[in-house]
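Chemist: Listed below, chain by chain, are the residues.
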Amino acid sequence: MDFNDTPEEAAFRAEVRAWLDANAQRLRADEAAPGMEERGTPGGVKRAQEWQAKKADAGWACMTWPVQYGGRGASRIQQVIWNQEESHYKTPPSIFAIGQGMLGPTIMAHGTDEQKQRYLRPMLRGEEIWCQLFSEPAAGSDLAGLRTTAVRDGDHWVINGQKIWTTGAHYCKWGMVVTRTDPSAPKHKGITYFIVDMKAPGIEIRPIKQISGMSAFNEVFFTDVRVPDSNRIGAVNDGWRGALTTLMNERAAIGGGAGGPDFEDLVRVAKQSDWDGRPAFEDRAVRQRLARFYIRAKGLQYTAYRTQTALSRGATPGPESSIGKLVGAPLRQEMASFAMDLLGPAGALMEGAIVPDDAVWQLSYLGSPGLRIAGGTDEILRNIIAERVLGLPPEIRVDKDVPFKNIPTGSQNK
Amino acid sequence: MNFDFSDDQKLLQQTANEYLSEHAPLSVCRAVLESEAAYSETLWKGIAELGWLGTAIPEEYGGAGFGRLELAVLANEIGRSLAPIPFASSAYLACEAILQFGSDAQKRHYLPKLATGEWIGTFAHVEKLGAPGPAAIATKFEGGKLSGTKVPVLDGDVAHFAVVTAKGGAGVVTVLVDLGGDGVERTSVRSVDPSRSMASVRFENAPAQPLGSGDGWAIAQNVLDRAAVLMAFEQLGGAQRAFEITREFCLGRYAFGRPIASFQAIKHRLADLYVEVELARSNAYYGAWALSNESPELNVAACGARASASDAFELAATEMIQLHGGVGYTWEYDCHLFYRRAKLLGLVLGNAHQWREQLIERLPA
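Quick mapping for you: the protein sequence lines, in order, are chains X and E. The opening residue of the first sequence carries number -8 in this note's numbering; numbering runs sequentially from there. The opening residue of the second sequence carries number 436 in this note's numbering; numbering runs sequentially from there.
Hints listed in this document are in silico derivations from the structure and should not be mistaken for laboratory results. Hints are not guaranteed to be accurate.
A few chain X positions that, by computed beta-carbon distances, are all more than 10 Å from chain E [stated by the list, open to error]:
1) Glu0
2) Arg116
3) Glu370
What the simulated footprint calls covered on chain X by chain E, stretch by stretch (three residues with Cβ under 8 Å from a Cβ of chain E suffice, anywhere in the stretch; the number is not a length) [to be verified]:
4) 287 to 294
5) 313 to 325
6) 380 to 392
By construction, the Cβ of each residue, glycine as well, lies at the ideal position given by its N, Cα and C atoms.
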């Protein structure tokens, strides 16, 4: 038992580091990685695309993809090593993860040869950015309850409806949209999956203002949007299979949310905060809370090491990786709330001049509720662990064999 | 990254699992619980013959010459089976203390007999209610004689010798005492888990010899840290078994026309329990790494492993009764064996609060 690379992994890491040293600037110890704020701004998109192209030219982009699509057929552990090393350099935050991590693998699994030839390489190079059009106002955790319709018109389909929580819709070239094509079939049987041009007439994108005041997501409205049948992924009314491929890749991709303040930052707050003439850090109850946070954070870190070890030994990550988000997201929220408690009444302030670290804890307090919902709520993750890890019976689905049009939906409040 | 046990260590664990499945079903634990016996002598002899007690003892002292990782996988299986034997006292506490701090003569005297199971050793530390600190130790060591009372002492009624903390000279010392010798009076005391034995041990000018030199309190802390990591694996084994039995029960128990394991109220609790056990396992692995590498991080790693495992086992045992419903509260069902053991193991090396406080105390500045 050790934390070391195998000789092959160490050699690969050295190769990665040498290339990064030559092509990017290493972060100083006290320097934070470029923030997510710049993500999606015109300058940020351009910088991210330039960096992605550079990586692609050198063979570091989408390394786990097959060679025929521009990857190098690398192992997952090699991708982990790349990610670890890249995080130590000043590189633009990626805006390609949804395409490369979720939609690309879906096209590989369910797309036609023409689709693979047309879309995968520009996706890998970052020339074309992709978004995912899944959730709807009345279809979140119950995604298969989606109501956006697609109706056939010759060799085209006409899409009408509304999607929500779409990351990056405004700077994306392509989107992948799940639609209802047969409302008389049971809910999972009448869904079809399409690639849609985000600049097509009839698409309207409106940013959503989150409780943090930021806008990382959009609503996307479809009004008579025409999509050629050649953009269909998989068979008509069989889109749920493709959607599941996308979702499974999403869970592997979304962690507790990287970055943000950590345990050491919290200890610093506890040492700085004066509680009746003494640092809060000396209070026994404070120390109990700190220890609990430490043990959970470390438990997660060492769980990730165990997963990494399994990858290193050639295993594929399974649904047990849901633990990372199920524990990490609430942990982040609780730590933020506790940091604010430590600051006393001033903890309520967002004045960077008064509270520590440019109000990072207050921002985390407002941002963290979203982490517990995005990409599978805490409750859905518990279902996944219960059913797919522990083998407990699936939920009883009263809407399973009912024609979709007869299922009540959304708020039925009068 | 190689943060897992090796194939050989997993094979050892598998072998141990098979042996204990056959020789230590829960009825063995129950038999000790329901009798006056302090432990199962048959099982003790069995695991001694397999060489488990000498796992971490070097071959020159009659052991198998393996390391702490091998001992950890065995501890996990001992925990799974709720084995009613003084394994923790002998193999985690007494043995680790002598291996770390004993003179060569002491090692030659004690280790071979610990390895064969002929002798049982233990650690006698606590004297009063509460969480022990150096000031709470009133037992005195003067002129080679020990006087005072230690209670509770795990397996103190059956152990052949004990490592004892005492006031000596300017501070705390640790000493070795033959519990069958002069000046020792010991009484079994009842505990919440009668499948493990506890005693009150009174010393009156009992002959004793110093173990190690220097600050005895630091020695005691180190012994506790080492034992805490190994005990965490025993607790994890218990938690895992409690979880598995509960899962099976919920799948087979029908109410309202369906298995209760199909209700989200139950599924989510089992998912949460699974998560707590896995987090505790990860913290225990880190402890095992630190222990087996003699890392300076052991002092923090032990705290995390211990607090996490204590909480996980108690949660598992508590949920076990609750999810079994009424039958879980009966003497006939095995839930109470886990509930009792979880609390006893969670207390014998100090409670989770104490370990959390120590964790913060020991964090690098």
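Chemist: Hints first: check each against the structure and report whether it holds.
Modeler: For each hint, the structure was consulted:
1. Glu0: Violated, because the least Cβ-Cβ distance between X/Glu0 and chain E comes to about 8 Å, which does not exceed 10 Å.
2. Arg116: Per Cβ check, X/Arg116 is outside 10 Å of chain E; nearest 30 Å; holds.
3. Glu370: 7 Å, violated
4. 287 to 294: Check passed, 7 qualifying residues.
5. 313 to 325: Held - the segment 313 to 325 of chain X has 3 residues with a Cβ nearer than 8 Å to chain E, which meets the minimum of three.
6. 380 to 392: holds (count 7)
Going down the numbered hints, you'll see the structure goes against 1, 3, while the others check out.
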